[in-house]
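> Put together the whole structure using the sequences plus the hints.
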Amino acid sequence: MTPKEKIVLLKEVLGSRYPNPKSELNYENPFQLLIATILAAQSTDRQVNVITRELFKVAPDANSLSRMELDEVKNLVRSINYFNNKAKNILEVSRILVNEYEGRVPDRRAALESLPGVGRKTANVVLSNAFRQPVMPVDTHVHRVSNRIGVVKTGKVEETETELMKIIPEAWVIDFHHYLLLHGRYTCKAKKPECQNCPLSFVCDYAQLHS
DNA sequence: AACTCGGGGCA
DNA sequence: TGCCCAGAGTT
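For the first sequence, the UniProt record's numbering gives the first residue as 1, with consecutive numbering after it.
Incorrect hints may appear among the rest.
Stated by the list, open to error - Beta-carbon label-pair distances, calculated as ranges:
{"#": "1", "residue 1": "S16", "residue 2": "P169", "range": "15 to 23 Å"}
{"#": "2", "residue 1": "P60", "residue 2": "H210", "range": "41 to 49 Å"}
{"#": "3", "residue 1": "G15", "residue 2": "R46", "range": "17 to 25 Å"}
{"#": "4", "residue 1": "Y101", "residue 2": "E194", "range": "41 to 49 Å"}
{"#": "5", "residue 1": "S64", "residue 2": "H210", "range": "48 to 56 Å"}
{"#": "6", "residue 1": "K4", "residue 2": "R132", "range": "17 to 25 Å"}
These are calculated hints, taken from the structure and not from any lab test.
All C-beta atoms, glycine included, are put in the ideal place defined by N, C-alpha and C.
Dropping the structure here:
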């Protein structure tokens, strides 16, 4: 089975396993998507959802967040990983957006990655989700799952990103990010992958090797 | 390439 | 208790 054929199968199988892949982290508002994604680094979606629900009541846009005190922001995000750094980062981000981008989220990679706390993955989430640009966000889950199944054979995440974009239709990028992410988180885990519960094991290079 | 950051969920 | 996590930044 070719990588492209596996992609078609993945969409079908994981699509039914993880219905409604559009998680609560996907906000219609680009600002809220950006902030939520910064907060999400090395944290769980549930942690982030609890925090953003309260945070965006107080600060739904860049202008309102930029006027908050650091201690106030810290208190709102205190239950998340690296909350000291992240509070500082999202406050700084909001002030940069207000001062340099008229309060809006930029739609260019260089501008996004220059923001504190925004790396390549977060930038790609914003570009693909909010601005519909054809870029694939690749984190450790997407990287690991893609390689185990055998849709790519790459050593570095950057390679995975470009290789996946060659075989995934642009319109599928956002859904695939969530499919591979959720599958990596809950089934195709780094340490103890549950191949016996995996609906893809029959086409998976890793499962064939470890069964 | 290796290290730091570091709260909270879960076994 | 110990292990590990929807990355990014620094050295």
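> Each hint: holds or not?
Checked hints:
Range check, S16 to P169: Cβ separation about 19 Å, and the 15 to 23 Å hint holds. At roughly 47 Å, the beta carbons of P60 and H210 sit within the given window of 41 to 49 Å. Between G15 and R46 the CB atoms are about 22 Å apart, so this pair conforms to the stated range of 17 to 25 Å. The hint said 41 to 49 Å for the Cβ distance between Y101 and E194, and at roughly 44 Å that hint holds.
Checked against the hint of 48 to 56 Å, the pair S64 and H210 passes, with Cβ atoms roughly 51 Å apart. K4 and R132 have their C-beta atoms about 22 Å apart, which keeps the hinted 17 to 25 Å range intact.
In this structure, every one of the numbered hints holds.
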